[in-house]
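*Asks:* Let's have the full structure, built from the sequences with the hints guiding it.
Residue numbers (my numbering), protein chains in the order written: chain H, 4 to 336; chain F, 4 to 336.
Read the hints as simulated data drawn from the structure, not as lab findings.
Warning: the hint list may mix true and false statements.
One copy or any two copies: either way a pair holds, since identical chains are not told apart in the list.
Here are the computed lysine to any residue pairs in the SDA-like style, where the Cα-Cα straight-line distance is at most 25 Å [unchecked claim]:
hint, residue 1, residue 2
1, 176, 108
2, 182, 105
3, 37, 101
Protein chains: 2
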Amino acid sequence: MPPKRYDVVGVGNAIVDVIAHVEDEFIVANSLPKGSMTLVDVDRAIELYASMPPAIEASGGSAANTMAGVASFGGTAAYVGKVRQDQLGEVFRHDIRAAGVVYEQALATVGPPTARCLILVTPDAERTMNTCLGISSLLEPADVDEHLITAGRVVYCEGYLWDVDSAKAAIRKAMTMAKDAGSKVALTLSDMFCVDRHRAEFRHLVEHDVDIVFANEAEICSLYETTDVAEALRRVRGHVEVACVTRGAEGSVVLTAAEVVQVPAWSAGSVIDTTGAGDLYAAGFLYGYTRGKDLFTAGWYGSIAAGECISHTGPRPERSLAELFAAVPSPTR
Amino acid sequence: MPPKRYDVVGVGNAIVDVIAHVEDEFIVANSLPKGSMTLVDVDRAIELYASMPPAIEASGGSAANTMAGVASFGGTAAYVGKVRQDQLGEVFRHDIRAAGVVYEQALATVGPPTARCLILVTPDAERTMNTCLGISSLLEPADVDEHLITAGRVVYCEGYLWDVDSAKAAIRKAMTMAKDAGSKVALTLSDMFCVDRHRAEFRHLVEHDVDIVFANEAEICSLYETTDVAEALRRVRGHVEVACVTRGAEGSVVLTAAEVVQVPAWSAGSVIDTTGAGDLYAAGFLYGYTRGKDLFTAGWYGSIAAGECISHTGPRPERSLAELFAAVPSPTR
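*Replies:* Written out as structure tokens, the structure reads:
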């Protein structure tokens, strides 16, 4: 990798999570698509929040969680995403900076409030997300600073941003800048329904603009409109430098033209809340990748980060991932 | 107890907690009085927050935590405390209502923001609190609704409110209304330094206006300016109908003119964060007391509630205290 100021620069929806544990009946009664992310407007968010049990608030946002994970491994990370100058915006800014991520974007003084995601965690630890995008959806090309973007060895973008045209334009600008500066472009497909909404664009991106793609099995199957995971893996393999496909408790598979590497999962014990698991897997993989590690080791960094994340409520690491990685014996391949 | 609409009506500072886990070095480096509550102004809060690690936000406030605990046992509870119409105010209102507590106070549309307490939890699970009172300190007699106060079998007040004159006047009004309506008046001494600041008034209150007092050993010793706990217990015993003195891992002692009852502590396993332990002890005791239970049983409700509270980060129950109480075998006296 070229020497640059940051290992990874992430671009995404800047969100504060509002997390409550509920029974499955709550998901059914509120007609929510379990395990997925639904965009909700303000009225629906207010209605859903009113029916939720007591909650905690914790900074989230997919790419922001990933950047916090990279920093927790000891990597260098910066973040681009929009919050308002309000209480949750200050919480978001505090937490990402306190995690060691460079975040210099000014708090917006006008516009809708900082984004919130109402997250319902069921007893099986699965999370069902309801995002009220607020000002994060007003990310636009002017927010993408060339000096910052081109300072990343990898520029990491969220698929979620495709839901809003101006944000999509911001990401396309960032991708172009990254390419021109010799940086790698990484994309997470984010969510199965998000892939459904943007399948043609995502497929074109993966096949032409992206160097590293992250997806889970449902997302990669949706991308290629198949129910056969093996078929989806075969399709993506030839079209992108590296594809990382996460498989829950089965670990992940990392594919390049030359290799297909199976990586085991890692667990710290009980699984409490899977929110952020994919984001943290990406953090670990990108940390290893930018450090020049082999694919198996990079994937194992991802497994450690995801395993820590699902052991507690909340989407960001609660302990040093560098220390955790050092403490856990590496598996034999 | 007379039949009334609510078992307990609480009055206190309505606060959202901002909780981070830190090493002891952080407490020393920031010259904080470990284990106590310090009032901080906005500038100091900003400075301290900037130096804190990533945090989570959770609704708090001593009397509000107690009301959430009463409701979790299946008791009826209402709350009086002031928040602003801002994001944290909405969080506070949501969480206390979702806990089953009646909270009808309108969000203030002018004035300082909703109160925040920056809480630093050290590896020994001790919490060190830094409160920026914001609008909660503007509680005034006009906020005390006679219909609500007189509907409580017990009116429960925070010692913390004595730090602000208008809030003190509000509490005195509530206490007078309660007395006139045949309700019991309960007071928590809140904090050793708070007792230091208001010793003469607190002693007068306990000896003349209060029926039930809650304190830990440090607070009751401070009230009577002694280092001898036995001496402090002897002093308080004759002066109040019921005194509940919590003793950490040693449990509690409940004193009336007729009895001195030792109650064991209860633990669910590791102690993670002691924030709210005293508040939840009071919740359990008051639930038992208003249900006409004997002093030992009421204290044991307190032990169960405190034990649940310290087993996780955050000051309010994460599971049904009624179910927990039913599941844990009662000790023999």
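*Asks:* Now tell me if each hint is right for this structure.
*Replies:* Now for the hints, and whether the structure bears them out:
Taking the shortest alpha-carbon separations for residue 176 and residue 108, only the intra-copy value of 17 Å comes in at or below 25 Å, while the best inter-copy value is 48 Å. For the identical chains of this complex, residue 182 and residue 105 are intra-copy neighbours only, at 21 Å inside a copy versus 57 Å across copies, given an alpha-carbon limit of 25 Å. Taking the shortest Cα distances, residue 37 and residue 101 sit within 25 Å of each other only across copies (22 Å), while inside one copy they are farther apart (32 Å).
Of the numbered hints given earlier, the model fails none.
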